[in-house]
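Here are the chains, one letter per residue:
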Amino acid sequence: MTFPKELQETFTSAEIVYLAENELIEVISNVSMNDKLSLISTELPKFRVMSTYKIPIWLAIILRKQNKITVPPPEWLNENYLANKYQEEVTNQTAFTQLPNNWLEVSKIFLKHFVQDLIDNEDVLLKLIQDLKEIRLVKLRKGLNNLNEINLGFNDLSLMEINEFRPFISRVMGNLAKFQKSLENEEGVENYDDAEDPGDDNAYDDDDDDDDLDNRNTSTGGRKDSTMAEANDDIDDEDMEMEDIVNEFEL
Amino acid sequence: MRIPCKFNVQVAGLGYLEETGNADIKENTKLELPVWLAGILSGIPIMSEEGEEVRLLDLLPPDAFNKKIINSIKSNSVNLSLRSVLPNFYSLAERWCFWFEDAAFVEIIQQMLKDRSVVMNDYSFNLNSTNSSNNDEISRFVHSLDNLEKEIFMVCVASHKDAKQWLNS
Numbered sequence: 001m002t003f004p005k006e007l008q009e010t011f012t013s014a015e016i017v018y019l020a021e022n023e024l025i026e027v028i029s030n031v032s033m034n035d036k037l038s039l040i041s042t043e044l045p046k047f048r049v050m051s052t053y054k055i056p057i058w059l060a061i062i063l064r065k066q067n068k069i070t071v072p073p074p075e076w077l078n079e080n081y082l083a084n085k086y087q088e089e090v091t092n093q094t095a096f097t098q099l100p101n102n103w104l105e106v107s108k109i110f111l112k113h114f115v116q117d118l119i120d121n122e123d124v125l126l127k128l129i130q131d132l133k134e135i136r137l138v139k140l141r142k143g144l145n146n147l148n149e150i151n152l153g154f155n156d157l158s159l160m161e162i163n164e165f166r167p168f169i170s171r172v173m174g175n176l177a178k179f180q181k182s183l184e185n186e187e188g189v190e191n192y193d194d195a196e197d198p199g200d201d202n203a204y205d206d207d208d209d210d211d212d213l214d215n216r217n218t219s220t221g222g223r224k225d226s227t228m229a230e231a232n233d234d235i236d237d238e239d240m241e242m243e244d245i246v247n248e249f250e251l
Numbered sequence: 001m002r003i004p005c006k007f008n009v010q011v012a013g014l015g016y017l018e019e020t021g022n023a024d025i026k027e028n029t030k031l032e033l034p035v036w037l038a039g040i041l042s043g044i045p046i047m048s049e050e051g052e053e054v055r056l057l058d059l060l061p062p063d064a065f066n067k068k069i070i071n072s073i074k075s076n077s078v079n080l081s082l083r084s085v086l087p088n089f090y091s092l093a094e095r096w097c098f099w100f101e102d103a104a105f106v107e108i109i110q111q112m113l114k115d116r117s118v119v120m121n122d123y124s125f126n127l128n129s130t131n132s133s134n135n136d137e138i139s140r141f142v143h144s145l146d147n148l149e150k151e152i153f154m155v156c157v158a159s160h161k162d163a164k165q166w167l168n169s
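Chains as they are written, first to last, in this note's numbering: chain A, 1 to 251; chain B, 1 to 169.
In case anyone wonders, no lab produced these hints; they're calculated from the structure.
Don't be surprised by glycine CBs; every beta carbon is placed ideally from N, CA and C.
Treat the hints with care, as some may be off.
[Stated by the list, open to error] Computed footprint of chain A on chain B; a stretch qualifies when at least three of its residues, placed anywhere within it, have a C-beta under 8 Å from a C-beta of chain A:
1. 88 to 101
2. 136 to 146
3. 156 to 168
Throw the hints in and build the complete structure from the sequences for me.
As structure tokens, then:
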């Protein structure tokens, strides 16, 4: 494949925003339409003034620019809620608080395109969001001390946050697994030729991209548990309950 | 990369490996062979004159895995300059584990990789900060990374940079 290697194994932030823009949000129309409008990928319902509709974010961005709709912020995007979440994050040192799967992307989109419709001060919101991200990052970094070659679970971590750490973690875990695998080779020296070439950087198995993608597609803005990284194909961690992973992963 | 080995039997016509001008390699000759060659040769079983089965050659532990270095890995792997020990430390270590299935050794290497990667991740965050004393520390650490770690460090820096740029855009 001609795709650059760093783009093959993970998303860029821009790609995740692009994916998040398919999410449906509620909008209030300012205009009336004579008929519904069929687009290639979606359908714009027949708008009536002051009624609410659910449309994809990308469409809302266009319509908002033309002042045809107003976009009320989701219930979690306000000063009170985020400040509470921040407090929760500070007091609970062992887990992440529950936030929507794409809270970072959506709040960023709101601050960029729907600023006029926000109820609270945008600067205050931006600061809260950055604080939240910061504190979650610190927790995540602490959690990295528990890296092992088999599995790693982060509950309530959003796609964007996982994405930032995916290349790093999958590499480290892949290499840990390689060492583990060298122990399981029972034939010893005789089997030498069949073994993977240790110089091959792609030898590890990174199939977690697809999981995260599924997460996004099935999500309706609610919370999602995201599992990251399954690096060793000999060890099947599918059977492992989420609870077990959480217990193992004490922050 | 070459690793030391010891021939267990006399081999005719392989003297050129030793570069001494002799036609044959004598029994118990110690020789540094390329990793790929040593791996293949060590897997060849030979019937000795006494009727026992021996390997053509034995692999000897390379300098990079001597006691002193293993001990310093155990005590403080983060401050160890792995690059000056061996630029391809992990690659050779993996081969070594593969040949000898030494569980204790694997555990030491894994623990080292874990410890060092946590520090790598921490440093990759503030790579571009203006704090100069910190930068010295970071550059010293980066120079101690072996090739595999360096690659991990690079992707780590790239992904954090991308996330940071997006957040501030």
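Hints broken by the structure, by number, lowest first? Of the numbered hints given earlier, the structure breaks just one, which is hint 2.
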